[in-house]
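Work out the full structure: start from the sequences and follow the hints.
Residues 3 to 119 (the working numbering) make up the sequence shown, in order.
Simulated from the structure, these hints should not be mistaken for lab results.
Computed from a predicted structure; not experimentally measured.
Don't be surprised by glycine CBs; every beta carbon is placed ideally from N, CA and C.
Careful: at least some of the hints might be erroneous.
For each label pair, taking beta carbons as the anchor points, the in silico distance ranges come out as [as the list claims (entries may be wrong)]:
| # | residue 1 | residue 2 | range |
| --- | --- | --- | --- |
| 1 | E17 | S56 | 20 to 28 Å |
| 2 | N16 | S103 | 24 to 32 Å |
| 3 | T65 | F106 | 19 to 27 Å |
| 4 | N60 | R24 | 20 to 28 Å |
| 5 | N93 | T65 | 15 to 23 Å |
| 6 | Y35 | N92 | 17 to 25 Å |
| 7 | E54 | V26 | 31 to 39 Å |
Pairs of lysine-lysine, DSSO-like flavour, derived with a Cα cap of 27 Å [claimed, not checked]:
| # | residue 1 | residue 2 |
| --- | --- | --- |
| 8 | K41 | K90 |
| 9 | K41 | K88 |
| 10 | K88 | K23 |
| 11 | K41 | K23 |
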Amino acid sequence: MSSAYAANHSRKENELLVTPKRCVALRKGQTCYQQVTFKWHQEELGDYCLVELSELRNVECWTQVNNAEFSFDFQSDSTRHYALRKSKQNNNIATVIITVSWVFESSKRPKSRWKLF
Numbered sequence: 003m004s005s006a007y008a009a010n011h012s013r014k015e016n017e018l019l020v021t022p023k024r025c026v027a028l029r030k031g032q033t034c035y036q037q038v039t040f041k042w043h044q045e046e047l048g049d050y051c052l053v054e055l056s057e058l059r060n061v062e063c064w065t066q067v068n069n070a071e072f073s074f075d076f077q078s079d080s081t082r083h084y085a086l087r088k089s090k091q092n093n094n095i096a097t098v099i100i101t102v103s104w105v106f107e108s109s110k111r112p113k114s115r116w117k118l119f
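Structure representation (structure tokens):
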């Protein structure tokens, strides 16, 4: 296999990647803040949008391209699902998940009713 062939066929059709895939907050319920980068590739030129699926909100859209890279400040207290869609269409071409996790379960400590001195 030639290196030119490998370079042209190393990408998958309908590819959508995000890095990093996980955002870690200190405690459960806290908002996690992190810079994330989406990269995508399609076989055909077209108008595409990156959509946040829980709110059906366009994060970014592109015109007459078949690949792009986009970075933004992720802010969420829960896991979020994203999809690449053709502009003005509702079917997902590719999807990714940014998982929100935490170091500690909760900031609330159980209240002790008894105090020993």
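A quick look at each hint next to the structure:
1. E17 with S56: 20 to 28 Å: holds, 22 Å
2. N16 with S103: 24 to 32 Å: holds, 27 Å
3. T65 with F106: 19 to 27 Å: The hinted range 19 to 27 Å is violated for T65 and F106, with Cβ atoms some 44 Å apart.
4. N60 with R24: 20 to 28 Å: Check passed, 24 Å falls within 20 to 28 Å.
5. N93 with T65: 15 to 23 Å: holds, 19 Å
6. Y35 with N92: 17 to 25 Å: violated, 30 Å
7. E54 with V26: 31 to 39 Å: Given range 31 to 39 Å: violated, Cβ gap about 20 Å.
8. K41 with K90: holds, 20 Å
9. K41 with K88: holds, 15 Å
10. K88 with K23: holds, 23 Å
11. K41 with K23: Holds: K41 and K23 sit about 12 Å apart, inside 27 Å.
Of the numbered hints given earlier, the model fails hints 3, 6, 7; all others are met.
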